Every structure is written in C-alpha cells, then in structure tokens.
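Since the structure of chain A is already known, use the hints to place chain B on it.
Protein sequence lines correspond, in order, to chains A and B. Note that the working numbering has the first sequence beginning at 1, numbered continuously upward. Note that the working numbering has the second sequence beginning at 1, numbered continuously upward.
Note that these hints are calculated values from the structure, not bench results. Quick caveat: nothing in here was measured; it's all calculated off a predicted structure.
Label-pair distances were calculated between CB atoms; the ranges are: (1) 213(A) with 141(B): 53 to 59 angstroms; (2) 192(A) with 344(B): 36 to 42 angstroms; (3) 141(B) with 192(A): 54 to 60 angstroms.
If you want a taste of the chain B side facing chain A, the calculated C-beta under 7 angstroms gives, among others: (4) 78; (5) 102; (6) 207; (7) 632; (8) 637.
The beta carbon of each residue, even a glycine, is placed where N, CA and C say it ideally should be.
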Amino acid sequence: MASSVYDVVVVGAGSVGMPTAMELAGKGLKVLCLDQFASAGQGSNKAAIGGVRATHSSPAKIRLCLDSLKTFSTWKETRGFDIEWRQGGYMFVAYRPEEEKTLKELLVVQKKAGLNIDWYAKDDLLKLAPGLDANGLLGGTFSPEDGSASPMLSSAAFHRRAVELGVECRFNERVTAIMRRKGAVVGVRTDKGGYATSCVVNAAGAWARSLAHLGGQDVPVNPDCHEAGITEPARRFLEPMVVDIRRTPGAANYYFYQAHSGQVIFCVTPDPPLIGTDRRETSEFLPLIARRMVGLMPKLANLKVRRTWRGLYPMTPDGSPVVGKSAALRGYVDAVGMCGQGYMLGPGVGALVARMVTETTTEDDAAILHELRPEREFAGTEKLK
Amino acid sequence: MSDYRIQEHPILAIPGEAVVPFTWKGETLKARPGETIASALFANGVRIFGHHHKDGSPQGIFCANGQCAQCSVVANGLSVKSCMVRVAEGMAVEPLDGKAALLEADGDLRFHDVETVETECLILGGGPAGLAAAIELGKAGVNVVLVDDKAALGGKLVLQTHKFFGSIEACHAGTRGLDIGKKLEAEVRSYPSVRIWTETTALAVFSDRKVGVLRDNHYVLVRPQMLLVATGAREKSLVFKGNTLPGVYGAGAFQTLVNRDLVRPSERLFVVGGGNVGLIGAYHALQAGIQVVGLCEALEECGGYKVHRDKLARMGVPIHTRHTIVSANGTEEVESVTIAKLDPSWKVIPGTEKTFRCDTLLVAVGLDPVDEFLKKAREFGLPVVAAGDAEEIAEASAAIFTGKIRGTEIARTLGRDVGEVPPEWLRTAEVLKARPGAVITEEIPADETGVFPIFHCSQEIPCNPCTSICPKGAIKIEGDDILGLPTFDESACIACEQCVAICPGLAITLVDFRKKDAEGLLVSIPYEFPKAKIQEGDMVTVLDTLGAVLGHVPVVKVRAPKFADHALLVKVKAPSEIAKRIAGIQVQEPWVSAAMEENVERIGDDDVVCRCERVTAGQIRGLIREGVRDLNHLKALTRAGMGACGGKTCPTLIARIFREEGVPLAQVTPLTQRPVFMEVPLGAFAGVVTGEGPTKDAVPTAVGALVGGV
Numbered sequence: 001m002a003s004s005v006y007d008v009v010v011v012g013a014g015s016v017g018m019p020t021a022m023e024l025a026g027k028g029l030k031v032l033c034l035d036q037f038a039s040a041g042q043g044s045n046k047a048a049i050g051g052v053r054a055t056h057s058s059p060a061k062i063r064l065c066l067d068s069l070k071t072f073s074t075w076k077e078t079r080g081f082d083i084e085w086r087q088g089g090y091m092f093v094a095y096r097p098e099e100e101k102t103l104k105e106l107l108v109v110q111k112k113a114g115l116n117i118d119w120y121a122k123d124d125l126l127k128l129a130p131g132l133d134a135n136g137l138l139g140g141t142f143s144p145e146d147g148s149a150s151p152m153l154s155s156a157a158f159h160r161r162a163v164e165l166g167v168e169c170r171f172n173e174r175v176t177a178i179m180r181r182k183g184a185v186v187g188v189r190t191d192k193g194g195y196a197t198s199c200v201v202n203a204a205g206a207w208a209r210s211l212a213h214l215g216g217q218d219v220p221v222n223p224d225c226h227e228a229g230i231t232e233p234a235r236r237f238l239e240p241m242v243v244d245i246r247r248t249p250g251a252a253n254y255y256f257y258q259a260h261s262g263q264v265i266f267c268v269t270p271d272p273p274l275i276g277t278d279r280r281e282t283s284e285f286l287p288l289i290a291r292r293m294v295g296l297m298p299k300l301a302n303l304k305v306r307r308t309w310r311g312l313y314p315m316t317p318d319g320s321p322v323v324g325k326s327a328a329l330r331g332y333v334d335a336v337g338m339c340g341q342g343y344m345l346g347p348g349v350g351a352l353v354a355r356m357v358t359e360t361t362t363e364d365d366a367a368i369l370h371e372l373r374p375e376r377e378f379a380g381t382e383k384l385k
Numbered sequence: 001m002s003d004y005r006i007q008e009h010p011i012l013a014i015p016g017e018a019v020v021p022f023t024w025k026g027e028t029l030k031a032r033p034g035e036t037i038a039s040a041l042f043a044n045g046v047r048i049f050g051h052h053h054k055d056g057s058p059q060g061i062f063c064a065n066g067q068c069a070q071c072s073v074v075a076n077g078l079s080v081k082s083c084m085v086r087v088a089e090g091m092a093v094e095p096l097d098g099k100a101a102l103l104e105a106d107g108d109l110r111f112h113d114v115e116t117v118e119t120e121c122l123i124l125g126g127g128p129a130g131l132a133a134a135i136e137l138g139k140a141g142v143n144v145v146l147v148d149d150k151a152a153l154g155g156k157l158v159l160q161t162h163k164f165f166g167s168i169e170a171c172h173a174g175t176r177g178l179d180i181g182k183k184l185e186a187e188v189r190s191y192p193s194v195r196i197w198t199e200t201t202a203l204a205v206f207s208d209r210k211v212g213v214l215r216d217n218h219y220v221l222v223r224p225q226m227l228l229v230a231t232g233a234r235e236k237s238l239v240f241k242g243n244t245l246p247g248v249y250g251a252g253a254f255q256t257l258v259n260r261d262l263v264r265p266s267e268r269l270f271v272v273g274g275g276n277v278g279l280i281g282a283y284h285a286l287q288a289g290i291q292v293v294g295l296c297e298a299l300e301e302c303g304g305y306k307v308h309r310d311k312l313a314r315m316g317v318p319i320h321t322r323h324t325i326v327s328a329n330g331t332e333e334v335e336s337v338t339i340a341k342l343d344p345s346w347k348v349i350p351g352t353e354k355t356f357r358c359d360t361l362l363v364a365v366g367l368d369p370v371d372e373f374l375k376k377a378r379e380f381g382l383p384v385v386a387a388g389d390a391e392e393i394a395e396a397s398a399a400i401f402t403g404k405i406r407g408t409e410i411a412r413t414l415g416r417d418v419g420e421v422p423p424e425w426l427r428t429a430e431v432l433k434a435r436p437g438a439v440i441t442e443e444i445p446a447d448e449t450g451v452f453p454i455f456h457c458s459q460e461i462p463c464n465p466c467t468s469i470c471p472k473g474a475i476k477i478e479g480d481d482i483l484g485l486p487t488f489d490e491s492a493c494i495a496c497e498q499c500v501a502i503c504p505g506l507a508i509t510l511v512d513f514r515k516k517d518a519e520g521l522l523v524s525i526p527y528e529f530p531k532a533k534i535q536e537g538d539m540v541t542v543l544d545t546l547g548a549v550l551g552h553v554p555v556v557k558v559r560a561p562k563f564a565d566h567a568l569l570v571k572v573k574a575p576s577e578i579a580k581r582i583a584g585i586q587v588q589e590p591w592v593s594a595a596m597e598e599n600v601e602r603i604g605d606d607d608v609v610c611r612c613e614r615v616t617a618g619q620i621r622g623l624i625r626e627g628v629r630d631l632n633h634l635k636a637l638t639r640a641g642m643g644a645c646g647g648k649t650c651p652t653l654i655a656r657i658f659r660e661e662g663v664p665l666a667q668v669t670p671l672t673q674r675p676v677f678m679e680v681p682l683g684a685f686a687g688v689v690t691g692e693g694p695t696k697d698a699v700p701t702a703v704g705a706l707v708g709g710v
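With the rest of the complex left out, here is chain B:
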C-alpha cells in the first residue's frame, strides 16, 4: 500500500519512522509509535473502516475526536473508536462490518473497588481554556485535577499551525497555536497542586455530585468542590446527499490527521463553510501539499476573518459564495462533489450545479458547545463554571483569556486570596470574542519613497501583534482596544521585516523604493510553504489582497529568519505599478480548481441525519408532517439519537428540519439527556483488573467478595 504520510511540512517537524507493525485484514502495515489506529490506517491508504450493520453503508472517519463512533474498527477482538485508540505492536485490526461479535472473557477476572478521588477543583478539558484556568489555580495553590481525553494536552491548540490573533500580552498573539499550547502546558506542569490525567474521558456528572471519569480504561469517581467545564466544542454537521460517505468529515478531524499526526488523508479536497475553521483548514491542507479544489459558503461573504479568506484566495483557491453543497458523489467513498448557487430564499437555482473531482469534503459549518456536563452539574447543584467554547463559541485566544478569568474566580470562591478579577480582563475577554467588523476599502499609501510596510488588512478584528513587534514603535492602532486597523509612521521604518513575519493573517508586505530601478522595486512577502517550493530566480505569480492576478515577477531572495518562526520571507522584484498592491504569491495553479465538464447528480435518499442509526432527512420530515413534535417520540420511531454517539450530532440537524418545515422550536420537546457521555465497557464499571491495575492506591479484591460467590 502507498504511504500517505507527510514527509515535508513548512511548520511541523516530521515525526519518526513508522516502525510499529500491526495487521489490517491480516495484512501487515506499519504505524508510527503512539499513532492512533485511524491515522495509521489513513497513512496506509485505508479510508473505509467498515460497513454499517443496518444498511451496509461504508463507514470511515467523521469527527476524529472521540465524539462519534463512525470510525469504529475491531482491534484485537474489541470494537473500538479508531481515532482514540493507539496502535499497539502486533495489534490485529479488522473492519467493523455489521455488529461486532462479543469477545470472550480472558481467564479469571479480578475486581477492585471503584476509587473516589477528592479534589477542590476538577477541570474537564486540557485545551486553551482549561490550561489557562489551571495556571491561575496552580498559582493560588488550589488542589486541581485536570482531565483530558487525549494523550497530549493543548486541545485544539495542537492543531493550530498558524500564528494567533489577539494581543501578545493577553494570549500570545503572533505565536503559533501549537507553541502556545506547549507554553501553557509547561506552566501548568510547574504547579505541584495540579494533577494532570491525560487519556481520561469524563463520562457523567451524577446527582450525588460525583463525576465519573474513565482514566486509562479504569473507572474513577471524582468528588470536586467546584467543576470547571472546559470541554470545548464539537463540529456541526450538514445534511446533503452522500453526507456520510467516507471522505466527508469535519475540518477539525482533518486538522487532527494532518497537523497532529502528519498524515496526508487526501489528494484533492473541497471545503464547505467559510468560517475561520474552514478557511484555516483549507490553508493547512495547502501547506500539507494537498490540492484545495474550492470552498463554498452559503452567505454573501465568508463569516471568518477576511484576512483568512484573502490569504486562501491569494493561494489560488476559488471561494464560491452564495453556493451550497448538493451532494458528495461516489459509491464507497467520495469521488466528486456537486455544488450549486442559491437564490435569495436559500433554494438551489436549477442549472447552476457544478461538479468538482475530489476525494475529500471537509464540513466546516460551525461549532456547538460541548455543554452536557455544565447542564448536568447545574441541574444537580454542583458548583460549576464554564470557559472557552463550552461557554461560548469564539476564538482560542478568547478561550485562553476566559480560562484565566474563570481560574481566578474559582480560586477566589475556594477562599484563596487572589483579589478581584481586574475589570480590564473582562473587557479584554469581550474584545477577543468580538465578531469581525465591517470590511473597509483597502487604502494603498500614495508614498513612493523610502521603505515601509503595507497593511492588506481591511477588517476590524481583535489583533495587534504588529504594533507590539515593531522595534521603533511606529505601528499603532487607534483607540485603546485592539480591534482597530494598524497605521504606520512612515519615516520610522528600518526594513527589519518583523511585522511582515508576525502578522497572523500574512497581510503585511514591505515595499522598498530605496533601490528602485528600471525593473522595479523589492517587495517582501510572507510565505508559509516548504522551502523547496520557492527558489531565488523563480518566476512567481503575484496577486492582490483579494486574489486577483497582478503579474509574474522574479524571486530575488528567500530567507528564513528565526523571528519568522518557520515562515519564509520572500523578496520579489516588481514593477512599481503593481508593487504596492502585491499581497501574496500564488501556490496553486488555476487548473486544479476547474469544474468537471459534466455534472454528477446523486440519485437516492441518503441525506443522513442520524449517522449512528442511518436515519434520513426524508424519514424525519415525513414524521414531522405527520405531527410528531417530541424528539423523544421521533427517537422511539426511528432510533434517531439512540446510537453510539449518544445523540451528539443529530439534534441540531433535526432542529433545522423542524425550522425548514415551519415548526417553531418552542413547540418541540427536546431529547432527554442521560449518562454516559461515551460508551465504556461494563468491565471498567465493574472494576475488572486489567494489566497492572488501575491506580497505585486502589486495592484489588477477589471476584466473589462483593457478588455473593457467583
């Protein structure tokens, strides 16, 4: 089988060789040490992980985040979520075709009692918000248990290879997300009162105010005085024909495969959704050497930051606004996608369909808070607060800051002398959460002398690293918040290029008129692609802010200064008519994004709402028209929401269908939430002793002591 691993990346270090043997359908494959089964399979070109027990539909990755169960495989006889379980040497992995056979018990079982751990504060989630809170709690000496379901801390920061927006002081802006994660983790680990449990999944908050967690396959109860829910978000889904074909998955799932595990899961992909997640996901794909065929967005304009949108357009990716996804096409996996234009009432305009050949469709249509534990804790009177996306969907920079605020508040509630939360923190948190402002027409300065930066930044967003980095202090944002656009004192520039390097939007260039000659002048452009892609002497296509081609110009110099942190600074020589308008270098040729000559129309009713139980939009719509208004009744009739994911994905999709059918959601009774959050073997709850046992302090007891000699 071919190797689908990334061997070259502009930002990320390439991890070690794949040396761990395992088998897939009896054939020996290799995984990198510590790699998940899902990533190892993708790296070996396997994208179909099994077939659904109801209709035999092919199954593959969807969330890559342990939230759904679509990636289930059978590993050493047990059905497991392949995105959460790491490959062990010699592991026999088989597709999950239909229902799994129950594995016989392994010899005589021994049991231990379930341990209850007391702590002052339990933090669910070791992402930006959880880590930032743990730092404040650690500083105050509060006894903390921080749990995270992944092997490494950092949450989604681990996937963020781009430099962060926000401000340097508040949230390390200008630093790459993954490096911010490492900084936060290092600080948390320096506080002895914070206990960190990785590979630990929260399962339920109970009415006796204990929180059940699965720690390294052992069930543990935690009794906290306070709970901080920093569980982040899950990706929303979308209903369209072919929406569960292997190859259709979340942008976050894609980033996990590419940026965490350095797997190249796709050759050609298409993105639906123009929010920051979709825009950044597409950019990360280009960085990993994957062709991005296009991006469609139903609104008039992308909802994400304009600098992200522009950056993508400049790389050569067409952005189809007012377009929607009609279908993902293919039999066993995605072979193409069909999109179409929307009319003012959000209906597809017949005849506007276009089909693009691709093997992957990323769904990036927004996030929902993971707030089940928050709601249960509130219901049961366990003191609880939330931070980050679990509280309110916003940027990771905001999550870091709200985590810091919540951590301080909890320390104060627990009686630590940490003072009040400063009012300016609250204001900063609001600024960081600010939605992008209106687009302002870009102003190109008239000056044609000396050297100075140009800001291709025409939308108010919370971001100011350029103002902090300028050694002359010559870049300013008007007013006292960081939402405004930068201005520059033109006499001060020393051509250090640090502002070009730090801008998270890659939206600053430097024009140097000092040595202008007949061929033109030097323009410095930031470039985040592998060095091998660009050499001095190459002719490159340069584009303006929005992605329009300006011309072809020679590369004069490529350098990778340390302060640019893996980005390259490329100097091109450009005629003065275009020099100031140059904002980027095209990396993808236009032919990549051409539509197919003939459209593909997907026939059949496979627009799936509940992917666990294979319930289609047509079934749901029919029952709504029959008068069903209770999601529990819908569930009884169709099993929608009764599947392995625990109803995490379909309720929002069903709500949308109710709205489409003209039924106000106030008339609809929601599903009842019940434990457990994640499927866990009975053996874990029973306290079956496996391997070396659970935790050091738990005492194994012989079988029969508590079960009456069974």
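Bound-form chain A, shown alone:
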C-alpha cells in the first residue's frame, strides 16, 4: 500500500517538527512531514508566547537554546523573512528572600555554563524595566542576550524554508500506525494513505505519547494546560521578558513582555497544574493574571487585553525533553516532552536530530543526548521551568 518512499517521516509540523524536517532536508534527505492540523504550527506552537532564552539550569537545554537563539536572531538576515526577533533580555525579579536565594543559586550554574547573566540591584533593574513596582523589590537576574520572536511567523518561515529544501508537507492527515518489521520501522500509515520509511521522528508535542504507542513504544509525556493572552499594541515601554516566580494561590509563576508588534504577551503557570488537553477558556484566568501583572507594573492597568487562549505543555516527570533514538525500535526517534519550551528549543533540537539521524553528532551532542536520553530515570526537577 505504500505509495511513496521517504528517508525520514517527521510526525508533527509544530515548534519542533517543522525545524527538524527543515534541518533533515538540509542534510539532503527526502523528508515527509505529517500533521493532523490544517497548517504548520496549529497545535501548540501558535499558543506559545514567543520567549527565547538560554538561561536555563540544565546544560542540555542551555546548549540547545543557545543554538536556537542563533537561528532566531539571524533568520531575517540569512533568509530575508522577518520573524520579529527582538533581543530584549529576560528578567527574573525577587521581592522575597526565598526568590532571591533561588535565583542566586541558579546564577552560579548559569555563569558556570558561560551564560551572559547577572544579578542586578533594585535600581538597576528599575532602569531596565521602568514602571516595575519598586516597593519591596530586592533585585533580580537579567540576561541581555535572551529575547523573543513570533512563533506563528517562525512556523511559517520554517515551513517555507522546509518546502524550499524539498520537504513534502501533508496537513489534515493523522498517523494511524507506525509499521514495523523485525524490530525496525518500515513505514507509517495514516487516515489518508501510507508511506514507506526506515525512520520516524516523533515530534508530536502534546500528542507524542499516543503516537509512541502506535509504534509499540512509550514515552512519559503528559500534557497540562497554561493560559496566555495578548494586549493591544502600545508604543515601546518595556524591553525584557519579566518573570515573577512567586507562587500564589492559583499560579506558580507568570511572565510577560512587549513583543516586536508593541503588544504585551502574558502567560501564567497554573498551580495546581491543569492536567489534560482541555483548551477551553475559563473565567478564572483573566482576573488572576491581571491582578498580578497590574500589581507588579501598575501602568499595565491601562493596557487593553485583545485575546486570550490556552495551550498545552507536553510535560515529562523531570521537566526535561526526551530526545534520542529508541533502543527498542530501530529507526524510531523521540523529539518530544519539551515541557512548554518547544518553541525556544525547536531549532536547536531540529539540528541535533538531523545530526543524529545522519550520524554526524559531535562530542557536545553526545553529552546533550545522554542527558535527554529516552531510557533515563526521570528523577529530579528542573528549577527554572
């Protein structure tokens, strides 16, 4: 029944799948990219708020995001397509000793990894983010090389580039089986047809686990749900992404920044988490986030909310992605479990997967792949989710 033969079939045309397909094609492979939705980025990519940072606490994520930052920040010059990259930096604010302690501890790890990040005293922070509530502000970290870009435009850009490089994209098509023979992938079957391949990349985001099951595999990815919103555009008044990690009833943390368009995009991490795939809007989100944002930066009271939405975070037990070849099924590759950071990890992960599939990995890659290997124990948690 297989009508066509591909070197690689990437399942998912989102934050990870699209750059992965693009990178694979860049290596000269014949690539098919399948997605259940109508166009690129229609799963969780379009729900991403666009922040891109390398300032994590896990070495693998730091390296992958440094790689992604290069892609995002140079895309306009190299490809002539504006994805609205803006280097505004990331700012984590501390108003209580416990947050100050957490952030300063992380700083040691981050500096050790060579990241451009530092502790800023109150007055210096206020210069970077005028209008921040000064009352009780202890200081915070700031990493000037982090930034933001438009997830939707990035998806469209990666899609366009992937097609230029010869990737075949099929939308509105759902994978129904991963065909195997003698412990190896031989093809995929969909609701519209079948394709022969010896390599399948699972980049199915929030739907990764059920895709893995189609290949007789399992991966501990369970989605939970976050809510986000965007405002009207305003003249530039804020450069960095502002992150407030104080846990309060309903919210583990929240963050916002002023995007290239002048619009403020904001997001909250619900506490307790909203496990599952329900993306319907609730009445609780806006009062919760608005109260905290306006409390942190009072002038935001005057900025109008335009739209809100919910998006899925494909979570893993330890908060780190799962990237690597399956030990049990030859030709099956996981690029999943991005824990809500698929957008910023995507280009880095895509390039890594391409090197892995073409067996051109470096020593650095080996360390990353070891950290993110599918067969790991999944103990411990990442500090700066």
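Using the frame of chain A, we list chain B on its own:
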C-alpha cells in the same frame, strides 16, 4: 469650525445645545451632553481621527457600533473607541497617530474581587428581540439580567425613524421604530424581576458557564441558568479601492450619527447596496437635509422592499442597478466615488465607469449575525437560545416577535406556568421573516368618481397597518396572512386620510373626484420632510410610483394631523390624466445626481480586507494562489484577523476571495474563536477600583492581599 449638527428634522426632536467643552488637538470644541466623542467630532467637522500605525493611512468612523476599532482616539491619555465613549467636560481628545503611548498609573491602585452575579436568565442585547423576550420573562416573574452595550435601550430601533411594516398586533406596525423601542423599554422597566444593565458589554462565555461582562468599566461575571443571545447583527463590508478612507462607512453607522445623535456627517453621499438598510439609510439622509447622489446595486433589482426603493426613486435619487463600486477616491478622505456597470459574469464592463462627487459612501451590503456567544455557549453546554438577527437576519418586526416567542419558551423551560407557545405565533414569526415576493404590475383603478385611496404597493411583503387603521374596515388583504396586497371597497371611503398617513412605504395616496374642476382634482400625498420645505401655493414636481416625472402641480394644502405622527399630508391639485398615477413629490433636484465630466481612476493597491492590520486583497489572493487553505495560516503570515476588532469583519471578506479564486469553502479551515469579544483594560480584569468603585455590593480589598505583597 463649522457646526455639522442637524437643526431641523421632520421626525426627530432637536436635542439641547452643545455646551460641554472638550479639546481636540488642543483646540476647544463643544459637545452635547452625553454625546459620544465620535459624534461630537463629526458635529465639529472632524472626520479623520488618526493615522494607522502600519502605513499611516487616515482612520475614521466605520461601524459606529463598538465592533471595530477604526474610530479610536486618545482621550485623557487612553486610547478609546470614540463611538462608545461619551465626552466628559474638559476631556482632552487627541488623534491616535500610530501606536498609543501607555498612560502611567494614577497613584496607588486598590483592587476589589470580581463579583459573580447569579440569575435565571441573562439576555445579551436590549434591542427589539431582547426587550420583547424580557417582557415575556418579566410577566412570568423570571429573574433576568439584561445587558446592553449602549447608554440607551432599543438597539437599532433607536435609529428607525420610519414607520414599521408588519402588523399592528404583532409588532406595532405603522408606529415609528424609535417609538416602538420606547414602548418596549417602558414595559420591560415595569417588571421588577428584570435588572437592566446599560453600557455593559458582554466579553466572553467561558467553559465554566459564566459570562464575563464589562459593566460601566468594571468586570463582572454572570452565572445564568439560561442565556438568550439577542446581540443583533453587524454590517458586512466590501472590498474595493479606497474602501477604508474616512467617509466610507456602514449605513448603520450613518444612521447612528444622524438619527441617534442628530449629527449631519455628510453634505453629499452615495450608497452601495439596495437592500432595506441601504434604501432606508438613503431616505434618512434626505430627511436630514443631505444630498443623496445615487445608489448602486449589483443585482438586476434592489433586494429591499420595493416600496422603499420606489420611495427613494420618487424623492429624486437615481438607482443604478447592475452597477458596482469601483473605488472611493481621495487622499485623506472621500472626495468622489467611481461606479461601473457589470456584465453577466459580474465583471466590470470597461468604459462604463462613472464618477460622482460626494464626501461619503455608505456601505450597505447586508448583515451578519453576531453569534459568537451563541456558538461558545453551545460548545460549553450552557443552555442558550438566540432571537432576532443573532438567530436569523430579518426585519426588526420579526425580531420583536421571535423575542417574544423565545422569552416564553425560556420562562417555560425555567418552570414557569406560561403554557405552550401558540402555533399562530410561530406562523406569524415566519410571515414577518418572509422575503419580499414578486413584483406585480400596479393596477390603477378605472373609477373616476367619489373619493378613494390608491395603493402604489405592488409587491407582497409582510405588512397590514392600512387594513387595521381604516375606520370603515374597508381595506382588506385577501387570505389570512398579511403578505397579500390590500384591496378597497370603494363605496366606503370617508376621506379621513388615515391610511395615507400610516403606510410605512408612503405608498398610499387619496384621490378626490368629488370637487373635480377644470384644473383637475385633489390628491393627498404623504410627505416626511421638514414643514419649511413645502408651503401652500408652491409648485412641486410629482412622480409616479417608480419615480418618473408626471408634471408640475400646485400645493393646495399642507397639514400635520396628530395621527400622521410628524408626517405631513400634502394636497396637490392635479389634472385627471395624471392624478391617479401620482405617488410622490420630488425633493431632490436632478442636477444633484449628475456624474462628473471626467472619471476618476484610483491607482494603487489599497483594497483592504483586514482594516485593523491593513491587509489587502492582493496579499490574500497571492497566498491563496500559493496554496494557503487555513485562515489561521493566513493570519500567521499577514495578521489578517489578529487586530483590534477580533476578526469580526475580515473572515467573510476572505471567504469571498477564496470563492472568487475557485476554492470551495469546504477546503478552508476557519479561524479559531477566542475571548475576549472586545478589548478591555487589564485594570478592569484586575479589579482596579476606579471612581466610586464597581457595584454597591463589591468589597474593595487593599493591593497586596492577593498578590503576595508586590
């Protein structure tokens, strides 16, 4: 600056003087008390409200209904929709040029918790359908919250200065729309179980079955057992070159300025679209003393009621059927429009272009239901029904009646003993929604004796006030519905002229052969223009039903009986050869509607599809040709649908381009609908206490209580 206020109107009372000072670009202007910023600016001759942040294009009024954001200005430092915000004394209003600067916070903020209000039934919209439903629910003692985004109830009834079609019993036919609105409102207000929240905008229906509303700038959640969506309609738009120039706007927007706010926004206007909205809008313009240069309609014949079309033609307005709008011309605002004839495949026939000088172009190309809340409530399992245009686009008379039916049904569902909805109500609702029937050749009676009415009414529409008003019961419609044409028992007429006065189509005249002499006989004609325009002894041009000139005749008598409700009854003396064919008096001279000698051709690619984000038809067409089939993908690439209006206007225009490109809509993925319906400041959601606070029962809490001492 000149005063563009209406000082004389045949139907509407002239409101008080403009005494409220405010500033525009630092210059002091005056507004009438309670006037919106948009109307106050128009009244002072300001039609350009700012320039778009993307391409610097001039921005002005488009919907005047709070649905788009094209009329945004900066008032006291905040960007606001000028059509929804009322002028306050001393308000500093500035154009919105580019992106607005964010206003600094005003001192220490205090917060209150967002209040949740329980109710049996929440009605969204206080127009004809919502009010009619609230009456039935109020009668049954159902606990109701009725919200409306405007300051006054009545919805679009407020703008309807003409007498209504339909039947007197079902929907107050023969009464002017605005008076029907007042009657309905008075009745609703008499029921204590109905709470009315004006200036309250619905923002979202949430999956936890609460409805978020912004009440007087405070965010409130309402948890109803049932929801009635009576949100009415929004005007469709049209893509052509220059379609977003200030001066191009919806006919409904125009009626709001003219009939609600008594502002004369135009000297000379052109109308595109021959449905009832366009025909009536043009008529209202003439009544306000505005020249109507013409009306174009793409079809062979106007889609609106023929009596409306004929009435307009008789006033002297040319109706260009099989014509389309090619461009609105001008640099900062409309200076002229160019139209052209269409061939059988709907393409412009080159060489048929005509340009007309005008300052305004009304777009009246149909309505779309405002049904976002209906869809969300259905998705989330909140029991919901819709009434009026939100359910199905039809006349306001039908909206009143379906509102009544839905109100009764809801009361019954909520366990009230109101009985079943009578089957004849359902039939009446269908009749009121009926599309106009075929045109029948007008029959002029042969009789030349006595006195009798002539019905210049040659199309079946749901209308019968003439049959109800005749004191002799001599006017009848055959059959048992109100769709037929009236007939008359000629022996019975007492020349009371009440049928002449009540006909909503101004389609009844009275001929009186009893005192016929050498100069002719008396013909009574209804006339809805200011008294000063017509005097006894004037020579007037009379026209037949379709608008052809019959001759010039003297006015013998002008009277304004109370039963005519502001209309005048004009008696002319006309020769018997033409007397029975006279259907109206010309009010606009033919020179007004002459085309310019040279056509204006608008160069450039500015046929805008998404007016919020300035996306052109060319961009959309290019992407469709590249293979884009998902509106979300189109949005990602162009931002079409991502703007301030929340994608309310462009999806139907984009759908049309897909069809033009030969792509079936079944292959196209629609946009995802997400809250909020209207842009609202974060401070409202945060519960920032402003002024005296939100509602009496909400308790303000100090900042920090819930935000961990920020």
